[in-house]
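**Q** So you can see what is in the structure, the chains are spelled out below.
2 protein chains.
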Amino acid sequence: MELNWDNLDTLEAFKKLLSLKGQVSLKEVLNAERAAGFCAEGAAGLHYNYAAKQVNGQILSVMQEAADEAQLTEKFKALYEGAVINTGEKRKVLHHLLRGQLGKDVLYETPSGTKNARGFYEEQRLAVADFARKVHAGKILNEKGETFTAVVQIGIGGSDLGPRAICLALEEWARVQGAQKMDAHFISNVDPDDADRVINVLIRDISRTLFILVSKSGTTQETLANELLVKDFLKKAGLDASKHMIAVTSETSPLANNPDYLASFYIDDFIGGRYSSTSAVGGAVISLAFGPDVFEAFLKGAHAQDKNACEKQIGKNTAMLDALIGVYERNVQGYPVTAILPYSQALSRFPAHLQQADMESNGKSVNRAGGPINYATGPVIFGEPGTNGQHSFYQLLHQGTDTIPLQFIGFLQSQSGTDITVDGSTSQKKLCANLAAQIAAFALGKDDENPAKVFTGERPSSLIYAERLTPETLGALLAHYENKIMFQGFLWNINSFDQEGVQLGKILTKKVLAGQSEGALKVFASLLGV
Amino acid sequence: MELNWDNLDTLEAFKKLLSLKGQVSLKEVLNAERAAGFCAEGAAGLHYNYAAKQVNGQILSVMQEAADEAQLTEKFKALYEGAVINTGEKRKVLHHLLRGQLGKDVLYETPSGTKNARGFYEEQRLAVADFARKVHAGKILNEKGETFTAVVQIGIGGSDLGPRAICLALEEWARVQGAQKMDAHFISNVDPDDADRVINVLIRDISRTLFILVSKSGTTQETLANELLVKDFLKKAGLDASKHMIAVTSETSPLANNPDYLASFYIDDFIGGRYSSTSAVGGAVISLAFGPDVFEAFLKGAHAQDKNACEKQIGKNTAMLDALIGVYERNVQGYPVTAILPYSQALSRFPAHLQQADMESNGKSVNRAGGPINYATGPVIFGEPGTNGQHSFYQLLHQGTDTIPLQFIGFLQSQSGTDITVDGSTSQKKLCANLAAQIAAFALGKDDENPAKVFTGERPSSLIYAERLTPETLGALLAHYENKIMFQGFLWNINSFDQEGVQLGKILTKKVLAGQSEGALKVFASLLGV
Chain A
555 MELNWDNLDT LEAFKKLLSL KGQVSLKEVL NAERAAGFCA EGAAGLHYNY AAKQVNGQIL
615 SVMQEAADEA QLTEKFKALY EGAVINTGEK RKVLHHLLRG QLGKDVLYET PSGTKNARGF
675 YEEQRLAVAD FARKVHAGKI LNEKGETFTA VVQIGIGGSD LGPRAICLAL EEWARVQGAQ
735 KMDAHFISNV DPDDADRVIN VLIRDISRTL FILVSKSGTT QETLANELLV KDFLKKAGLD
795 ASKHMIAVTS ETSPLANNPD YLASFYIDDF IGGRYSSTSA VGGAVISLAF GPDVFEAFLK
855 GAHAQDKNAC EKQIGKNTAM LDALIGVYER NVQGYPVTAI LPYSQALSRF PAHLQQADME
915 SNGKSVNRAG GPINYATGPV IFGEPGTNGQ HSFYQLLHQG TDTIPLQFIG FLQSQSGTDI
975 TVDGSTSQKK LCANLAAQIA AFALGKDDEN PAKVFTGERP SSLIYAERLT PETLGALLAH
1035 YENKIMFQGF LWNINSFDQE GVQLGKILTK KVLAGQSEGA LKVFASLLGV
Chain B
555 MELNWDNLDT LEAFKKLLSL KGQVSLKEVL NAERAAGFCA EGAAGLHYNY AAKQVNGQIL
615 SVMQEAADEA QLTEKFKALY EGAVINTGEK RKVLHHLLRG QLGKDVLYET PSGTKNARGF
675 YEEQRLAVAD FARKVHAGKI LNEKGETFTA VVQIGIGGSD LGPRAICLAL EEWARVQGAQ
735 KMDAHFISNV DPDDADRVIN VLIRDISRTL FILVSKSGTT QETLANELLV KDFLKKAGLD
795 ASKHMIAVTS ETSPLANNPD YLASFYIDDF IGGRYSSTSA VGGAVISLAF GPDVFEAFLK
855 GAHAQDKNAC EKQIGKNTAM LDALIGVYER NVQGYPVTAI LPYSQALSRF PAHLQQADME
915 SNGKSVNRAG GPINYATGPV IFGEPGTNGQ HSFYQLLHQG TDTIPLQFIG FLQSQSGTDI
975 TVDGSTSQKK LCANLAAQIA AFALGKDDEN PAKVFTGERP SSLIYAERLT PETLGALLAH
1035 YENKIMFQGF LWNINSFDQE GVQLGKILTK KVLAGQSEGA LKVFASLLGV
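Chains as they are written, first to last, in our numbering: chain A, 555 to 1084; chain B, 555 to 1084.
Among the clues, some could well be false.
Said to hold, decoys possible - Across the chosen pairs, the derived CB separations fall in these ranges: (1) 601(B) - 691(A): 54 to 60 Å; (2) 579(B) - 966(A): 35 to 41 Å; (3) 978(B) - 847(A): 58 to 64 Å; (4) 699(B) - 698(A): 33 to 39 Å; (5) 692(A) - 1072(B): 56 to 62 Å; (6) 610(B) - 966(A): 29 to 35 Å; (7) 1000(A) - 733(B): 53 to 59 Å; (8) 670(B) - 887(A): 30 to 36 Å; (9) 699(B) - 700(A): 33 to 39 Å; (10) 698(B) - 757(A): 26 to 32 Å; (11) 887(A) - 1073(B): 20 to 26 Å; (12) 692(A) - 971(B): 48 to 54 Å.
Derived from the structure by calculation, the hints contain no laboratory data.
All residues carry an ideal CB built from backbone N, CA and C; glycine is no exception.
Bound-form chain A, shown alone (with noise of 0.2 Å):
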């Protein structure tokens, strides 16, 4: 099938949704019946409810004629197929076939012979499965047969968010399955006090931890300064540095094949950094914290909901589902923020990377052919944690001169099972029921005599629940947001792929340090002492 890769106001279904701007009042339509109904099952579990959303039959349908008229599936297949997706990279984009294969083998030529994509990714699941079965068996040791206790991931941007928010989400879950093999820690920051925090969190076990250096090209400004720190402090702690360190990156970079480093696993230019969670990148440290088989559930997850995301009806793909609302709410309704606000403690830094994988993806001005495009693409997406955030920023959600649409995240049970009853509630009730008063508020708003304590409603939100926040719901999650994003990326007719915005700090920061800067930015950077 040809492709069209028409920008998005060109489409004759976004010219009809145009039209169809403010035509919802949540107030009006929200009723029982619409919030049991709204609703596409995901994988694993997941439910979609898009009952509080600014939608009704005609705008949905609208929608369906959208996702059919730009292929958002038949795109997805092209690039699950190994189409050159990424065009401004001339690349591949196969972070699906990390978890699983969805359509025909992607084959391509390489300097030693034929390579099947999925096979080359499966290889290396199984070496960092392994590695990892060997520490925690006590058959990799360090130097004095000590078996290693703690490990620490070295590594930014896509190879820290992600794998640091999914070690997050999995700690407490891990812990009472009695899966928990390693403590996890992580250092990012090019800021030395990073690195240097870290370590003395772990002085005392230093001598039994594994870190693992994570970079693609292998010339990380930020990663490599903090590899070299690390080593630094290795070495004045009497310790060889080379039985201490794995690393993961791609088979070109000079970490490849490297006696520096006890193993290392690869990854290729076809996995995107803020897609490498389900990768090596993610792989090693997860298989590390909690066994390899919990890494496997959380691929399961992820590859469930990827077929999902091939479903042609927009009511039962999830992800598409959420992509075009999104689209909606930035293109036609005009709003330039979206929050993500997981009720769980333990998604606490899932909105960060989420920021990452959205804000990365879409944040483009120019199609993905190198062409003007005349609307907004990517919105700011932030998010913390609730009950929190109602005790925080809330308030302009509700009350403040924007709107920002919201999408909720909850779980019916709770990770450790642990709680208490106060006031006939369990504290697992409760954050539920904040969590349903919450979406009720924002949509329906309440009137009072006083003006201060008015709520206009109409603020739309979407959930996405499920029963507990397990490995396998967690990468349905991830998933469901992953495709989302490319979804929406298709809709934009934008390259979500490439990230062309981080090269010129790059560039300048270099100058700097040079010593070649000129001008204001010599002067900004003498007031910082450099």
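Starting from the known structure of chain A, fit chain B onto it as the hints suggest.
**A** Chain B in isolation, oriented as in the chain A frame:
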């Protein structure tokens, strides 16, 4: 002096400002001279550089007119001398007196006689200091006669975000200075997994852990549920909870003078939650973690910065200038979001605290008298530390379709001093070089033949910087932002000191838990198992 309380759009100076929209091209004006000269001096060595903001002599001159016409410093004086600035709740706003006297004594009648506000706050600070010194000196011990080694704050919103951000900011500094007295932890979320996680981290040292229960009203749902969860755990561990818990509350709360607590410390209704970091709410945990002298130094920096906020000239008043530039960006340029970007890992949670301080204060839709307003108020605030953010959401900041004003924060020296030279520069120099490079990249952009590699520039940022992040500079930094938010509230003519927008959610939550919900709310609750 009689104060006017006029809406922003009625000010003559604001009408002039509106006519100055889009007047400044950063590419045209940003040179070495401007980079060095556009700077206001704050307290404790803080500098506010606004060279890369879209202002010029004319705009600054109209901003000064706006400051005078809106009587910003006169309103500030009224505030710190005890006027009822919090109109909705009919309360004074006295957090500045926590750190020093700025004007006339604030005296008011209570059932027990005339009270001097500053005297009361100082008495409480000294009581906290005395308690902390006794704990450190081993004069207050656990049941077995052992010293306490860890402290856990139980609180949410203002009782959590500020104190947590400050403890994180000073942890590394204190360790290097030898001022680290006790490990500080925090429990906030009603999600039972939050308390369970912290308890399990501390499980081996639980008998040597002191808990601080923080709730001004003594009725916060989350905090009381977590208190009982912790007490249940202490009881099961065979410990007497009343020997392990202190309270920070108001004198009229159920937690006051209560034998369930080892000691109680007090704040009053004139200290809003989000402005309570410099009260006993922050003071207890900071004094226990790092010693009362560190808390005192922190207050000293804040007080010095408060004095800076009394200056009538915008060129000498960093908070007022920052506030005016923010209003220009929000109401003239039309930017809906502001990012706070500290180049300091120690400030990793400082943006989350400012997110609350700003969005809860200024996310309002009616004026302080309950009348209508016809302009945007508080923007969305978000941020993560640099250089981490560079590898995450900066793509959108550089090349997205919206302009997001930025506030950078930087320090010439790291806190630890631990560092390494790689490729000719230390990590600290790399950190600062990155910061300088970003300011230039955002403002000046870059042309390119490839449209995907074009940076349009013209994206405004300011830079707050100091020699090093110490308790004094941290106090000054906090006060700068608190005062900026206050001045913006004065300009928008709103009440920055209530939070009516959090009430509806509380009411609906109670309905759900009492089984009294109906319609959509009842369905949402049942979907979540409530």
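**Q** Could you run down the list of hints and mark each one as holding or not?
**A** Results for each hint:
1. A beta carbon spacing of about 56 Å between residue 601(B) and residue 691(A) agrees with the range 54 to 60 Å that was offered as a hint.
2. For the pair residue 579(B) and residue 966(A), the beta carbons lie near 55 Å from each other, so the given range of 35 to 41 Å is not met.
3. Hint check: residue 978(B) to residue 847(A), Cβ distance near 46 Å, so the stated range 58 to 64 Å is violated.
4. Range check, residue 699(B) to residue 698(A): about 37 Å between beta-carbon atoms, so the 33 to 39 Å window is met.
5. Distance hint check for residue 692(A) and residue 1072(B): the Cβ-Cβ separation is about 59 Å, which falls inside the suggested range of 56 to 62 Å.
6. Between residue 610(B) and residue 966(A) the Cβ separation comes to about 57 Å, which falls outside the hinted range of 29 to 35 Å.
7. Taking 53 to 59 Å as the suggested C-beta distance range, the pair residue 1000(A) and residue 733(B) does not conform, at roughly 48 Å.
8. Taken as a hint, the range 30 to 36 Å is violated for the pair residue 670(B) and residue 887(A), whose Cβ atoms sit roughly 52 Å apart.
9. Taking the beta carbon of each, residue 699(B) and residue 700(A) are about 35 Å apart, inside 33 to 39 Å as hinted.
10. Against the hinted window of 26 to 32 Å, the Cβ-Cβ separation of residue 698(B) and residue 757(A) comes to about 27 Å, which satisfies the hint.
11. For the pair residue 887(A) and residue 1073(B), the beta carbons lie near 25 Å from each other, so the given range of 20 to 26 Å is met.
12. At about 38 Å, the beta-carbon gap between residue 692(A) and residue 971(B) misses the expected band of 48 to 54 Å.
In summary, the structure is inconsistent with hints 2, 3, 6, 7, 8, 12 from the numbered list given earlier, while agreeing with the others.
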